[in-house]
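As given, the protein sequences belong to chains A and B, one line each in that order. Quick note: the first sequence uses the numbering used here, first residue 1, plus one each step. Quick note: the second sequence uses the numbering used here, first residue 267, plus one each step.
Honestly, the hints are just simulated from the structure, not real lab data. Worth double-checking, as some hints may not be accurate.
[Claimed, not checked] Examples of chain B residues lying across from chain A (beta carbon under 10 Å, computed):
{"hint": "1", "residue": "Gln269"}
{"hint": "2", "residue": "Thr311"}
{"hint": "3", "residue": "Lys314"}
{"hint": "4", "residue": "Gly317"}
{"hint": "5", "residue": "Ser342"}
{"hint": "6", "residue": "Gln346"}
{"hint": "7", "residue": "Thr348"}
{"hint": "8", "residue": "Arg354"}
{"hint": "9", "residue": "Leu364"}
{"hint": "10", "residue": "Glu365"}
{"hint": "11", "residue": "Lys367"}
{"hint": "12", "residue": "Tyr394"}
{"hint": "13", "residue": "Lys396"}
{"hint": "14", "residue": "Leu420"}
{"hint": "15", "residue": "Thr466"}
[Stated by the list, open to error] One side only, chain A facing chain B, incomplete, derived with CB under 10 Å:
{"hint": "16", "residue": "Ile159"}
{"hint": "17", "residue": "Arg165"}
{"hint": "18", "residue": "Tyr173"}
{"hint": "19", "residue": "Leu184"}
{"hint": "20", "residue": "Phe188"}
{"hint": "21", "residue": "Lys260"}
[Said to hold, decoys possible] Estimated spans, in silico, between C-beta atoms of each pair:
{"hint": "22", "chain 1": "A", "residue 1": "Arg171", "chain 2": "B", "residue 2": "Asp370", "range": "54 to 62 Å"}
{"hint": "23", "chain 1": "A", "residue 1": "Arg254", "chain 2": "B", "residue 2": "Glu347", "range": "23 to 31 Å"}
{"hint": "24", "chain 1": "A", "residue 1": "Arg254", "chain 2": "B", "residue 2": "Asp485", "range": "54 to 62 Å"}
{"hint": "25", "chain 1": "B", "residue 1": "Gln431", "chain 2": "A", "residue 2": "Arg254", "range": "32 to 40 Å"}
{"hint": "26", "chain 1": "A", "residue 1": "Val27", "chain 2": "B", "residue 2": "Gly389", "range": "53 to 61 Å"}
{"hint": "27", "chain 1": "B", "residue 1": "Gln431", "chain 2": "A", "residue 2": "Gly196", "range": "48 to 56 Å"}
{"hint": "28", "chain 1": "B", "residue 1": "Gly392", "chain 2": "A", "residue 2": "Gln35", "range": "57 to 65 Å"}
{"hint": "29", "chain 1": "A", "residue 1": "Gly8", "chain 2": "B", "residue 2": "Glu459", "range": "46 to 54 Å"}
{"hint": "30", "chain 1": "A", "residue 1": "Lys10", "chain 2": "B", "residue 2": "Glu347", "range": "30 to 38 Å"}
{"hint": "31", "chain 1": "A", "residue 1": "Gly210", "chain 2": "B", "residue 2": "Gly392", "range": "52 to 60 Å"}
{"hint": "32", "chain 1": "A", "residue 1": "Ile128", "chain 2": "B", "residue 2": "Glu375", "range": "21 to 29 Å"}
{"hint": "33", "chain 1": "B", "residue 1": "Gly389", "chain 2": "A", "residue 2": "Phe243", "range": "38 to 46 Å"}
{"hint": "34", "chain 1": "A", "residue 1": "Leu15", "chain 2": "B", "residue 2": "His427", "range": "37 to 45 Å"}
{"hint": "35", "chain 1": "B", "residue 1": "Glu347", "chain 2": "A", "residue 2": "Arg255", "range": "25 to 33 Å"}
From a predicted model like this one, the values you see are computed outputs, not experimental measurements. Note that the Cβ used here is the ideal one computed from N, Cα and C, for glycine as well.
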Amino acid sequence: MPNSEGAGRKGIVTLWYNSVTFTLFVVLWWIFAWQSSSLFLPTPWAVIKAFWALATYGDLEGISIWIHMLRSTVRIIAGFGAACVLGIPLGILMGLYPIFYESTKSIIEPVRFIPPVAWIPLVIVLLIGFSRYAFIIWLGAFFPILIGTLLSVKQVNPIYIDVPRSFGAERMYIVRKIVIPSILPDVFTAMRVGVGIGWDCIMAAEMIGGENEGLGVMILKYAELIRIEEIVVGMLVIGFIGFLINEMFLFAERRVFRWKEAIQIA
Amino acid sequence: MGQLLIDAHFSMKFGKMVILDDLHFKVDEGEFLVIVGPTSCGKTTLAKVLGGLLKPTSGSVIMRGERVNPKTQNISFVFQETSCIPWRTLWDDVYMGLEIKGVDPKVAEVRTKEVIKLVGLDGFEGYYPKQLSGGMKQRVAIARAYATNPDFLLLDEPFGHLDAQTRYLMQIEIMRIWQSEKRTVAYITNNIEEAIFLATRIIVLSRLPAKIKGQRNVDLNRPRKLTSQDFLTLRKEIARDCEIVQ
Numbered sequence: 001m002p003n004s005e006g007a008g009r010k011g012i013v014t015l016w017y018n019s020v021t022f023t024l025f026v027v028l029w030w031i032f033a034w035q036s037s038s039l040f041l042p043t044p045w046a047v048i049k050a051f052w053a054l055a056t057y058g059d060l061e062g063i064s065i066w067i068h069m070l071r072s073t074v075r076i077i078a079g080f081g082a083a084c085v086l087g088i089p090l091g092i093l094m095g096l097y098p099i100f101y102e103s104t105k106s107i108i109e110p111v112r113f114i115p116p117v118a119w120i121p122l123v124i125v126l127l128i129g130f131s132r133y134a135f136i137i138w139l140g141a142f143f144p145i146l147i148g149t150l151l152s153v154k155q156v157n158p159i160y161i162d163v164p165r166s167f168g169a170e171r172m173y174i175v176r177k178i179v180i181p182s183i184l185p186d187v188f189t190a191m192r193v194g195v196g197i198g199w200d201c202i203m204a205a206e207m208i209g210g211e212n213e214g215l216g217v218m219i220l221k222y223a224e225l226i227r228i229e230e231i232v233v234g235m236l237v238i239g240f241i242g243f244l245i246n247e248m249f250l251f252a253e254r255r256v257f258r259w260k261e262a263i264q265i266a
Numbered sequence: 267m268g269q270l271l272i273d274a275h276f277s278m279k280f281g282k283m284v285i286l287d288d289l290h291f292k293v294d295e296g297e298f299l300v301i302v303g304p305t306s307c308g309k310t311t312l313a314k315v316l317g318g319l320l321k322p323t324s325g326s327v328i329m330r331g332e333r334v335n336p337k338t339q340n341i342s343f344v345f346q347e348t349s350c351i352p353w354r355t356l357w358d359d360v361y362m363g364l365e366i367k368g369v370d371p372k373v374a375e376v377r378t379k380e381v382i383k384l385v386g387l388d389g390f391e392g393y394y395p396k397q398l399s400g401g402m403k404q405r406v407a408i409a410r411a412y413a414t415n416p417d418f419l420l421l422d423e424p425f426g427h428l429d430a431q432t433r434y435l436m437q438i439e440i441m442r443i444w445q446s447e448k449r450t451v452a453y454i455t456n457n458i459e460e461a462i463f464l465a466t467r468i469i470v471l472s473r474l475p476a477k478i479k480g481q482r483n484v485d486l487n488r489p490r491k492l493t494s495q496d497f498l499t500l501r502k503e504i505a506r507d508c509e510i511v512q
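Please model the entire structure based on the sequences and the hints provided.
Shown next, in the form of structure tokens:
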């Protein structure tokens with residue numbers, strides 16, 4: 001690629017700017033915490049110590065933060081995975097054959113507006129263990145993915161469909177070679193939105209779910225003791241995992257959609 | 267003149283609005299027919315009907331005794347809009363028609379190479395449309411259309427959105443390409459000079475609803491010059507006969 005060198009340079013510059021702003025943020029936080037000397041505003045150092053304790057000794061019940069992270073992440077993967085597996089093909093189907101959407105609209109649209117959190121009491125009664133969390137996350141991620149895919153199918157540029165049609169292509173060829181590659185960028189965006197909502201849901205679900213493991217439960221345990229350091233650790237870890245997931249998506253997008261980034265040379 | 271290839275006789279309505287009003291014309295094999303019409307007189311609709319992408323409201327387009335149909339007949343289309351597929355490299359884009367027609371990969375690869383060379387884009391095989399200029403993109407579309415060795419090649423204002431200079435260069439290019447690989451062509455445009463420059467025969471359309479205003483064979487020597495006396499005389503005659511506003 002003619003622009004790979006430029007991209008590499010840009011990456012280093014971005015990294016440099018971000019290390020500056022990040023350091024500045026930590027310093028300001030530290031000054032603030034130190035000045036106020038409040039119990040409820042821990043210093044960065046106190047948070048690091050809390051993280052270390054959680055990582056080596058575990059929480060009040062001896063469960064390490066790694067286990068909490070693992071539990072939450074696995075739940076997300078299950079619920080989000082199910083949302084993709086169902087939402088993307090269904091979105092394509094509904095986009096191609098609007099009758100499927102039109103004839104199920106009276107179910108899809110109202111259900112879509114019920115916040116996943118409102119399902120929690122019902123889910124606690126009806127489902128057990130792992131499936132509770134997976135279902136709540138699925139609910140949160142499914143609809144953005146379904147609707148995002150469906151809308152994208154409707155926006156495929158008609159000229160790209162006319163090209164294979166003018167050669168007498170079959171419908172399946174057009175779906176495989178035109179519709180799917182065309183919607184893929186939007187589907188990725190919908191997936192990123194979906195995974196974010198999945199995290200919102202897991203926190204709420206874990207706080208009410210009554211189990212012992214998961215980042216949401218961990219935060220709640222320390223909230224009851226008003227131990228702010230550990231709460232902040234939980235918050236930061238959630239943010240950091242989200243950041244990593246987002247970066248993974250962006251990395252995959254850069255790989256898959258090289259045709260979008262290609263620069264003008266002529 | 268060659269044998270009869272296309273016998274078209276049809277009308278097209280969208281709702282109550284008549285777009286194409288009882289058009290009746292024939293295309294012989296080996297012709298370079300140019301259909302000229304004013305802006306928004308239904309030229310693209312006409313192209314799509316001729317290519318079998320739209321069904322006429324009444325009448326039909328008959329190609330070698332059968333209704334025109336891209337699934338059973340070898341037709342190619344060059345669209346007015348940029349039609350390069352953004353996620354396909356130039357090579358894959360030109361290859362598309364051969365892929366759809368199920369041509370043996372070995373033969374298809376040789377042919378793809380050949381037409382890319384024909385339009386002068388060899389060396390750019392790995393490029394994506396975003397890396398190509400407007401003129402180059404239309405060359406890709408022409409190469410793609412030529413690749414399948416079409417019996418009937420439709421060009422719907424292929425250079426309509428290019429700047430004047432590129433457009434002129436592309437007219438010379440399309441003539442060079444056509445002269446090295448003769449196909450039966452229907453070329454649609456709103457530009458009378460372009461028509462006289464390219465055509466073996468011209469059909470002039472009226473404003474909406476489009477009717478045929480006149481036809482004219484063009485037998486000027488090639489390469490034609492836009493400023494030669496013959497060219498200007500013919501231009502005047504066509505303008506007079508077909509009541510084109512000067």
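Comparing the hints with the structure gives:
Of the supplied interface hints, the one on B/Gln269 is violated, with its beta-carbon coming no nearer than about 23 Å to a beta-carbon of chain A, more than 10 Å. For B/Thr311, the shortest C-beta to C-beta distance to chain A is roughly 13 Å, which exceeds 10 Å, and the interface hint is violated. Because the closest C-beta pair between B/Lys314 and chain A is about 8 Å apart, less than 10 Å, the hint holds. With a cut of 10 Å, the hint placing B/Gly317 at the interface with chain A holds, because the nearest CB-to-CB distance is about 6 Å.
This hint holds: B/Ser342 has a C-beta 7 Å from the nearest C-beta of chain A, less than the 10 Å allowed. At its closest, the beta carbon of B/Gln346 sits 9 Å from a beta carbon of chain A; the interface hint therefore holds under the 10 Å criterion. Hint status for B/Thr348: holds, given a least beta-carbon distance of 8 Å to chain A, under 10 Å. A least Cβ separation of about 8 Å between B/Arg354 and chain A falls short of the 10 Å threshold, and the interface hint therefore holds.
With 10 Å as the threshold, the beta carbon of B/Leu364 comes within range of chain A, its nearest partner Cβ sitting at about 9 Å, so the hint holds. Taken as an interface hint, B/Glu365 checks out: its beta carbon lies about 8 Å from the nearest beta carbon of chain A, inside 10 Å. With a cut of 10 Å, the hint placing B/Lys367 at the interface with chain A holds, because the nearest CB-to-CB distance is about 7 Å. Restraint check, B/Tyr394 versus chain A: the minimum CB separation of about 4 Å is within 10 Å; hint holds.
Given the 10 Å rule on beta carbons, the hint for B/Lys396 holds: about 4 Å separates it from the nearest Cβ of chain A. Evaluation of the B/Leu420 hint against chain A yields a held restraint, the C-beta minimum of about 8 Å falling below 10 Å. Against a cut-off of 10 Å between C-beta atoms, the interface hint on B/Thr466 is violated, since the closest Cβ of chain A lies about 23 Å away. With 10 Å as the threshold, the beta carbon of A/Ile159 comes within range of chain B, its nearest partner Cβ sitting at about 5 Å, so the hint holds.
The restraint placing A/Arg165 at the interface with chain B holds, with a minimum CB-CB distance near 6 Å, inside the 10 Å limit. For A/Tyr173, the interface hint holds, the least distance from its beta-carbon to any beta-carbon of chain B being 6 Å, beneath 10 Å. Satisfaction of the interface hint for A/Leu184 is found here, the shortest Cβ-Cβ separation to chain B being roughly 8 Å, below the 10 Å cut-off. The beta carbon of A/Phe188 is not positioned within 10 Å of any beta carbon in chain B (closest approach about 13 Å), and the interface hint is therefore violated.
Checking A/Lys260 against chain B: minimum C-beta separation of about 7 Å stays under 10 Å; hint holds. Taken as a hint, the range 54 to 62 Å is violated for the pair A/Arg171 and B/Asp370, whose Cβ atoms sit roughly 24 Å apart. At roughly 28 Å, the beta carbons of A/Arg254 and B/Glu347 sit within the given window of 23 to 31 Å. At about 57 Å, the CB distance of A/Arg254 to B/Asp485 agrees with the hint of 54 to 62 Å.
Between B/Gln431 and A/Arg254 the beta carbons are some 37 Å apart, a value that agrees with the proposed interval 32 to 40 Å. Our hint of 53 to 61 Å for A/Val27 and B/Gly389 holds, since their Cβ atoms are close to 54 Å apart. The beta-carbon spacing between B/Gln431 and A/Gly196, approximately 50 Å, falls within the hinted interval of 48 to 56 Å. A C-beta distance of roughly 59 Å is found between B/Gly392 and A/Gln35, which places it inside the suggested range of 57 to 65 Å.
Checking the proposed 46 to 54 Å range against A/Gly8 and B/Glu459 shows it holds: the Cβ atoms sit about 50 Å from each other. Look at A/Lys10 against B/Glu347: about 33 Å separates their beta carbons, and that is inside 30 to 38 Å. Checked against the hint of 52 to 60 Å, the pair A/Gly210 and B/Gly392 passes, with Cβ atoms roughly 57 Å apart. A hinted range of 21 to 29 Å for the beta carbons of A/Ile128 and B/Glu375 is inconsistent with their spacing of about 58 Å.
Our hint of 38 to 46 Å for B/Gly389 and A/Phe243 holds, since their Cβ atoms are close to 42 Å apart. Restraint check, A/Leu15 to B/His427: a C-beta distance of roughly 42 Å satisfies the suggested window 37 to 45 Å. Here the CB-CB span from B/Glu347 to A/Arg255 is close to 29 Å, well matched to the stated 25 to 33 Å.
Violated hints, listed in ascending order, are 1, 2, 15, 20, 22 and 32; each of the other numbered hints is respected by the structure.
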